[in-house]
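Below are the chains, spelled out letter by letter.
Protein chains: 2
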Amino acid sequence: MSYEAGFYDTHTHSEGRSFLELREMAERGIKKINSCAFYPVTPLYYGTLIDLFRKLMEFEVSRGSKAGLKIYPAIGIHPRCIPPKWGRVVEYMEENPPTIIGEIGLEEGSELEVEVLTSQLLLAKKLDIPCIIHTPRRNKESITEKTIEILEKLGFPETIAVIDHVSLDTVGMIHRRGYFCGLTVEEGKLSVEDTLEIVEEYEPERLMLNSDSGFSGSEYLSVANTAGHLLEKFERDVVEKVCLKNAEFFFRN
Amino acid sequence: MSYEAGFYDTHTHSEGRSFLELREMAERGIKKINSCAFYPVTPLYYGTLIDLFRKLMEFEVSRGSKAGLKIYPAIGIHPRCIPPKWGRVVEYMEENPPTIIGEIGLEEGSELEVEVLTSQLLLAKKLDIPCIIHTPRRNKESITEKTIEILEKLGFPETIAVIDHVSLDTVGMIHRRGYFCGLTVEEGKLSVEDTLEIVEEYEPERLMLNSDSGFSGSEYLSVANTAGHLLEKFERDVVEKVCLKNAEFFFRN
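Going down the list, the protein sequences come from chains A and B. So for the first sequence, the working numbering puts the first residue at 1; every next one is plus one. So for the second sequence, the working numbering puts the first residue at 254; every next one is plus one.
One chain only, chain A, in its complex shape (with noise of 0.2 Å):
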């Protein structure tokens, strides 16, 4: 389907996708993602995040601008990607505030996760930056409560925080706490019949799809053959919401 307004993967690797994947998810219509930091191996050097946010927001952004689409870098330390020193990383972040704060949250919930998810969490409410936060697919139920609780205890305004990856199972709680829903449609993630039930259940105001591609896999296009699904079923403002309205008001772009 094609959709002249067209639409934001909220969450990509885009890294992991060559040029040729850019350009085609522009001509299907996909006009904005984010670019979440990750990097594949656990980093010995905290330096080696500070080169990546600086890869990301220099070379990502006119990668995708060459292809057709709006790259926007998200910043952070990921919970599989804590190096050594990474206080450094957060005063780095500090000292060159993102636009968004991403992929940050908890995978295993250890201490060391708690502490750097808190550290970025303190930052983003300081400076007012709207958050991407990672669930596991392992003890999903589990880790999204203890998250929500670091959220609460941190008082951590709700129009900043996107929780992602949310399950049928997590919606819930997410949702009717005020939290913005990141709806990943992936293989081994949501598939577009659990899509269709939470846009069918939840008012739309707080939901956002994106695909979660990178490094592997063939789900660079899930956000337009999802909106093309959702189509069929859903009014033409609430499929605009949740494909591209809802984070162009979150993310401020």
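The set of hints was computed from the structure by calculation and includes no laboratory data. One thing to keep in mind: the hints can contain errors.
Claimed, not checked - Cross-link-like lysine-lysine pairs, in silico, DSS-like; alpha carbons within 30 Å at most:
#1 B:Lys308 to A:Lys70
#2 B:Lys308 to A:Lys85
#3 A:Lys66 to B:Lys393
#4 A:Lys55 to B:Lys308
#5 A:Lys66 to B:Lys308
#6 B:Lys285 to A:Lys55
#7 B:Lys338 to A:Lys85
#8 B:Lys393 to A:Lys55
#9 A:Lys245 to A:Lys126
#10 B:Lys319 to A:Lys140
#11 A:Lys55 to B:Lys338
#12 B:Lys308 to A:Lys32
#13 A:Lys140 to B:Lys308
#14 B:Lys319 to A:Lys55
Based on these hints, arrange chain B on the given structure of chain A.
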């Protein structure tokens, strides 16, 4: 065309190609590729290159394997990626010797570039490691001459030096001196016709093909495509040498 023995793409930056494209390369008969270290912005930290090497050696090899490709990392400091304290990177390479050193070489020929190249060539000579030596688009002839002077001054063994991205103007001086010649078939470098001309004119024993495929463009199948054209004009054993065997011999893979 298909060709059961397979092809060897001797110079890629596979990080810039998606999983689907790596799989397509494998399906088109490209069985082995070198993935050369490169960082798209000049790193501010030497550790970024060490983590990049770890990424290539661990994550990228595994990604290739899932796609049906054998990926051989080439480890080194590219002249456009020289970080502060670059000596630490060479120390890391000495402590963790790679099986291929690359992509190294000169871009503009500055003193710093000469120093970094020399340091890596000395290590390669000491440890007997084959090297992929870049030549730039600009001032290709004069920089190639300067590169050869450095190699000769060091008494660098011709048998472990492939000088890459040769042009119709530089292939003669490289081949004549006994070095291997890397033929990069992509827009802005060699055309298929140029490649046929070089294979016609020079003994094929020291020629090898590559795509230089990476973060941009569409040339990731160029070695398979070029092999098809070569087979129309040359004996099968010539094509086997240029597209596979010479590289297997040189890189010991």
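Against the structure, the hints:
{"no.": "1", "hint": "B:Lys308 to A:Lys70", "result": "holds (27 Å)"}
{"no.": "2", "hint": "B:Lys308 to A:Lys85", "result": "holds (20 Å)"}
{"no.": "3", "hint": "A:Lys66 to B:Lys393", "result": "holds (27 Å)"}
{"no.": "4", "hint": "A:Lys55 to B:Lys308", "result": "holds (16 Å)"}
{"no.": "5", "hint": "A:Lys66 to B:Lys308", "result": "holds (26 Å)"}
{"no.": "6", "hint": "B:Lys285 to A:Lys55", "result": "holds (28 Å)"}
{"no.": "7", "hint": "B:Lys338 to A:Lys85", "result": "holds (19 Å)"}
{"no.": "8", "hint": "B:Lys393 to A:Lys55", "result": "holds (27 Å)"}
{"no.": "9", "hint": "A:Lys245 to A:Lys126", "result": "holds (25 Å)"}
{"no.": "10", "hint": "B:Lys319 to A:Lys140", "result": "holds (27 Å)"}
{"no.": "11", "hint": "A:Lys55 to B:Lys338", "result": "holds (20 Å)"}
{"no.": "12", "hint": "B:Lys308 to A:Lys32", "result": "holds (28 Å)"}
{"no.": "13", "hint": "A:Lys140 to B:Lys308", "result": "holds (27 Å)"}
{"no.": "14", "hint": "B:Lys319 to A:Lys55", "result": "holds (26 Å)"}
The earlier numbered hints are all upheld by this structure, with none contradicted.
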